[in-house]
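Peer 1: Listed here are the chains, written in short residue letters.
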Amino acid sequence: MDHNTYIPKLAKIIEIKEEVGGARPIKTFRTQFLSTNDFSFRSGQCAMLSVFGRGESMISISSSPLLKEYLQFSILKMGRVTSSLHDMQVGDLIGIRGPYGNSFPMEDWKGKNIIFIGGGIGLAPIWSVLNTALGKKGDYGDLMLIYGARTSQDIVFKKELEELKKQMPVHLSIDVEEPDWKEFVGFVPQNVTDKKPSSKDAIAVTCGPPIMIKFVIKALEELGFKDEQIYTTVENKMKCGIGKCGRCNIGFHYVCKDGPVYSWAELKKLPQEY
Amino acid sequence: MEKVLLKKDFPQWVKKLESYTIYSPQKEGDFWNYEVTKNSEIIDLDYLNTVLSPKKIVFPQREVLLEFSTSDEDELKVNEVLPEETQSIIFGVRPCDAKALTLTDKVFGGDIKDPYYWKRRNSTTLVGLTCNTPPSSNCFCISVDGSPHSKEGLDILMTDLGDKYYTESFTKKGDALLNLGKALFKTPTAKDKKDLEKIKADSKKKIKRQIKETAKIPPKLKDMFDSSFWDEESLSCIRCGICTYLCPTCHCFDMNDEVTSSSPIQGERVRTWDNCQFPDFTMHSSGHNPRPDKASRLRQRILHKFQYFVELYKNYQCTGCGRCISKCPVGIDIIEVLEKARDHGS
Numbered sequence: 001m002d003h004n005t006y007i008p009k010l011a012k013i014i015e016i017k018e019e020v021g022g023a024r025p026i027k028t029f030r031t032q033f034l035s036t037n038d039f040s041f042r043s044g045q046c047a048m049l050s051v052f053g054r055g056e057s058m059i060s061i062s063s064s065p066l067l068k069e070y071l072q073f074s075i076l077k078m079g080r081v082t083s084s085l086h087d088m089q090v091g092d093l094i095g096i097r098g099p100y101g102n103s104f105p106m107e108d109w110k111g112k113n114i115i116f117i118g119g120g121i122g123l124a125p126i127w128s129v130l131n132t133a134l135g136k137k138g139d140y141g142d143l144m145l146i147y148g149a150r151t152s153q154d155i156v157f158k159k160e161l162e163e164l165k166k167q168m169p170v171h172l173s174i175d176v177e178e179p180d181w182k183e184f185v186g187f188v189p190q191n192v193t194d195k196k197p198s199s200k201d202a203i204a205v206t207c208g209p210p211i212m213i214k215f216v217i218k219a220l221e222e223l224g225f226k227d228e229q230i231y232t233t234v235e236n237k238m239k240c241g242i243g244k245c246g247r248c249n250i251g252f253h254y255v256c257k258d259g260p261v262y263s264w265a266e267l268k269k270l271p272q273e274y
Numbered sequence: 001m002e003k004v005l006l007k008k009d010f011p012q013w014v015k016k017l018e019s020y021t022i023y024s025p026q027k028e029g030d031f032w033n034y035e036v037t038k039n040s041e042i043i044d045l046d047y048l049n050t051v052l053s054p055k056k057i058v059f060p061q062r063e064v065l066l067e068f069s070t071s072d073e074d075e076l077k078v079n080e081v082l083p084e085e086t087q088s089i090i091f092g093v094r095p096c097d098a099k100a101l102t103l104t105d106k107v108f109g110g111d112i113k114d115p116y117y118w119k120r121r122n123s124t125t126l127v128g129l130t131c132n133t134p135p136s137s138n139c140f141c142i143s144v145d146g147s148p149h150s151k152e153g154l155d156i157l158m159t160d161l162g163d164k165y166y167t168e169s170f171t172k173k174g175d176a177l178l179n180l181g182k183a184l185f186k187t188p189t190a191k192d193k194k195d196l197e198k199i200k201a202d203s204k205k206k207i208k209r210q211i212k213e214t215a216k217i218p219p220k221l222k223d224m225f226d227s228s229f230w231d232e233e234s235l236s237c238i239r240c241g242i243c244t245y246l247c248p249t250c251h252c253f254d255m256n257d258e259v260t261s262s263s264p265i266q267g268e269r270v271r272t273w274d275n276c277q278f279p280d281f282t283m284h285s286s287g288h289n290p291r292p293d294k295a296s297r298l299r300q301r302i303l304h305k306f307q308y309f310v311e312l313y314k315n316y317q318c319t320g321c322g323r324c325i326s327k328c329p330v331g332i333d334i335i336e337v338l339e340k341a342r343d344h345g346s
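So the sequences go chain by chain: V and E. The first sequence begins at 1 in my numbering and counts up by one. The second sequence begins at 1 in my numbering and counts up by one.
Among the clues, some could well be false.
What the hints assert, rightly or not - Computed list of chain V residues with no C-beta within reach of chain E, every gap over 10 Å:
hint, residue
1, LEU10
2, ALA23
3, ARG80
4, VAL176
5, LYS237
6, ARG247
As the list claims (entries may be wrong) - DSS-like mimics (lysine-lysine), calculated; alpha carbons at most 25 Å apart, straight line:
hint, chain 1, residue 1, chain 2, residue 2
7, V, LYS269, E, LYS119
8, E, LYS77, V, LYS268
9, V, LYS269, E, LYS7
10, E, LYS220, V, LYS268
11, E, LYS173, V, LYS9
12, V, LYS268, E, LYS27
13, V, LYS269, E, LYS222
14, E, LYS198, V, LYS9
15, V, LYS268, E, LYS327
16, E, LYS77, E, LYS27
17, E, LYS220, E, LYS7
18, E, LYS186, E, LYS7
19, V, LYS137, V, LYS77
20, E, LYS220, V, LYS269
21, E, LYS7, E, LYS198
22, E, LYS222, E, LYS172
As the list claims (entries may be wrong) - Covered by chain E, according to a simulated footprint, are these stretches of chain V (three or more residues, beta-carbon under 8 Å):
hint, stretch
23, 238-246
24, 249-260
These aren't lab readings, by the way, just hints derived from the structure by calculation. Glycine included, every Cβ here is placed at the ideal spot set by N, Cα and C.
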C-alpha cells in the first residue's frame with residue numbers, strides 16, 4: 001500500500017514569537033519533527049498543521065528550505081485551529097503533513113531582479129522565497145521588498161526587517177498616519193507606484209489580501225510588468241491537501257495541488273472564483 | 001467468460017460465496033438500498049434503483065482515518081486506522097453506478113492515492129445487472145456515454161433472460177466468483193446469445209429521458225461562468241444538498257476531529273461526505289466565501305460535472321442515474337438545466 005498522506009508526523013514547538021498583538025494577533029512558531037526529518041519542501045509550498053482534537057489548517061511555510069534546523073509558520077489567529085495554535089506553549093506537540101502544492105519557479109528566475117510585495121500576514125509565504133533568494137544571492141539580480149500593514153503594530157518580522165535593510169532595499173508602509181512613522185503612508189499598491197520598481201529583467205512576487213493583490217497587479221501593469229512577470233499565491237479552504245476533498249478548486253485547478261503559486265498569466269485564465 | 005445460470009440455481013451460487021461479505025439491494029419501506037446480505041437469503045434482483053449508490057460501500061459516509069491519544073506519561077500517540085481486510089461482493093450493481101466508481105477511481109487515484117478508498121475498492125467485486133427496463137423514470141445514461149448494459153467498472157454483468165441469467169465475466173475477480181459456482185453455470189446456447197442481444201438492444205430504447213447533443217454542453221458552459229443564468233436556475237434551491245449526497249460520482253469530503261476526552265486528549269479524525277451546495281463548504285475562517293450564494297454553488301455542481309471533470313479526465317462526471325432529479329424537493333432537473341445551458345443565448 002502507498003504511503004498514507006493523511007497521517008501527520010509529530011513535531012515539537014521549539015520557539016514561539018509574538019509578532020503582532022491586539023485583535024488580529026500573529027505568532028511565529030518554529031517546529032522540529034520528533035523523528036528523523038525527511039520533510040523536504042520548496043518555497044511556496046504549504047503544510048497541513050494538526051492540533052489534535054481541534055483539527056487541521058493549511059499554512060504556508062515561512063522558513064526557507066535552505067534552513068534545515070526547523071520549520072517556521074507565521075500564523076494569524078482566525079479560526080478554530082489557528083486559535084488553538086495561539087494557545088499552545090513551547091514544548092507542545094502538533095502534527096504536520098505535507099508539503100503540499102507547487103512552489104515558486106525560482107530556477108526560471110535566475111539572473112533576474114526580484115521585487116517582493118507583501119501585505120499583512122502575506123509576508124509569511126514571501127519570507128520563504130525571499131530568504132531562499134537571499135541565501136543564493138549570486139543566482140539573482142537586485143532584490144527589493146515592498147511591505148505594508150494596517151498599522152505599525154501589525155507589521156510582522158519587525159526585527160528581521162530592520163536586519164534585512166542592510167542587505168536589500170526595504171520599503172515599508174502603513175495605511176494611515178502615525179506620529180513616529182517616517183516611511184510611506186498609504187496602501188501597498190500606492191507604495192509600489194511610488195517606488196517605481198523597473199520591470200526590466202524583473203519578477204514581481206505579491207502575497208496578501210485578495211483586494212491588495214488586485215491593485216498591486218494593476219500598479220505593476222502600469223509600470224510595464226507583463227502577466228508572466230507577476231507571481232502570486234492563492235488561498236482557499238482546504239481539507240485533504242491532495243485535490244480530492246473538492247473544496248479549494250478554481251475551475252479545474254485544485255489550489256492545494258496545482259497552486260498555491262500562480263503567475264498572473266495563469267491565474268487570469270481561470271474562473272475568477274477565489 | 002460467458003455462462004448462463006438458471007434463476008433457480010442463483011441462491012446456490014450465492015451460498016458458495018460464503019467467504020465473502022455480500023451486499024445486495026434490499027427493500028426497506030418503499031426504498032431499496034445496498035445492505036449486507038446473509039447467504040441463505042434469496043437475493044431479489046427485481047429491484048428499482050437504490051436510494052444510495054454502492055459508492056457508500058467503498059467510500060462510506062463516515063470513516064475514521066486515525067486515532068490520537070495521550071498516555072498517562074503525557075505521550076501523544078497517533079495511529080493510522082485503515083479499513084479491515086474484507087473481500088466483498090456487491091450484487092445487482094446498475095451499470096451507471098459501476099461506471100460512477102470508475103470516475104471516483106480517477107479522483108482517489110492519481111499521484112497521491114487515497115489508501116482508505118483503495119483498500120475497500122480493491123477488495124470489492126462488482127456484479128452488475130443489465131437494466132432491461134429503466135429502474136427509474138429519470139434514467140438518462142445513454143446521454144452521458146453510458147448504456148443500460150455497459151460493462152464499464154463491472155467484474156460481472158448478469159442479464160435477466162426470463163428463467164436464467166446470462167452471466168458475463170470481464171475480470172479475474174469475476175472469473176473467481178464464476179469458478180466457485182462452477183457446475184451451476186452452463187455454456188450459453190445460440191438462442192441465449194440471440195436473446196441477450198435483443199434484450200440489450202431493446203433496453204436502450206426504453207429509456208425515456210435524454211439530453212440532446214450533450215457534447216455541445218462543456219464548451220458552452222465555459223463561456224457562461226458570469227451569466228445570470230445561474231441566478232435564475234438556482235432560485236428555487238433550498239440548499240438541502242440531496243443532489244450531491246445521492247450522486248454516485250460526487251466525492252467531496254470533510255475531515256474533522258471527534259473527541260471522546262479532552263484531558264487527556266483522546267479522539268478520532270473522521271472523514272465524512274461533504275457537499276458543495278452548503279455555504280460552509282468553501283467559506284474561509286475570515287468569513288470570505290469564494291462561492292457565497294446558491295447561484296455560484298449550483299454553477300459549481302454543474303461545471304464540475306460537465307466542464308472541469310471533462311477538462312481533467314475527458315469524462316462527464318455524471319452517469320445519468322437520475323437520483324438528483326428524482327429526489328430534489330424543489331424539482332431542479334439537471335437535464336433541463338443542461339439543455340437550457342446548451343441553448344442559452346442562441
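Peer 1: Check the structure against each numbered hint from earlier and tell me which ones fail, lowest number first.
Peer 2: 1, 3, 5, 6, 7, 8, 9, 11, 12, 14, 15, 16, 17, 19 and 22
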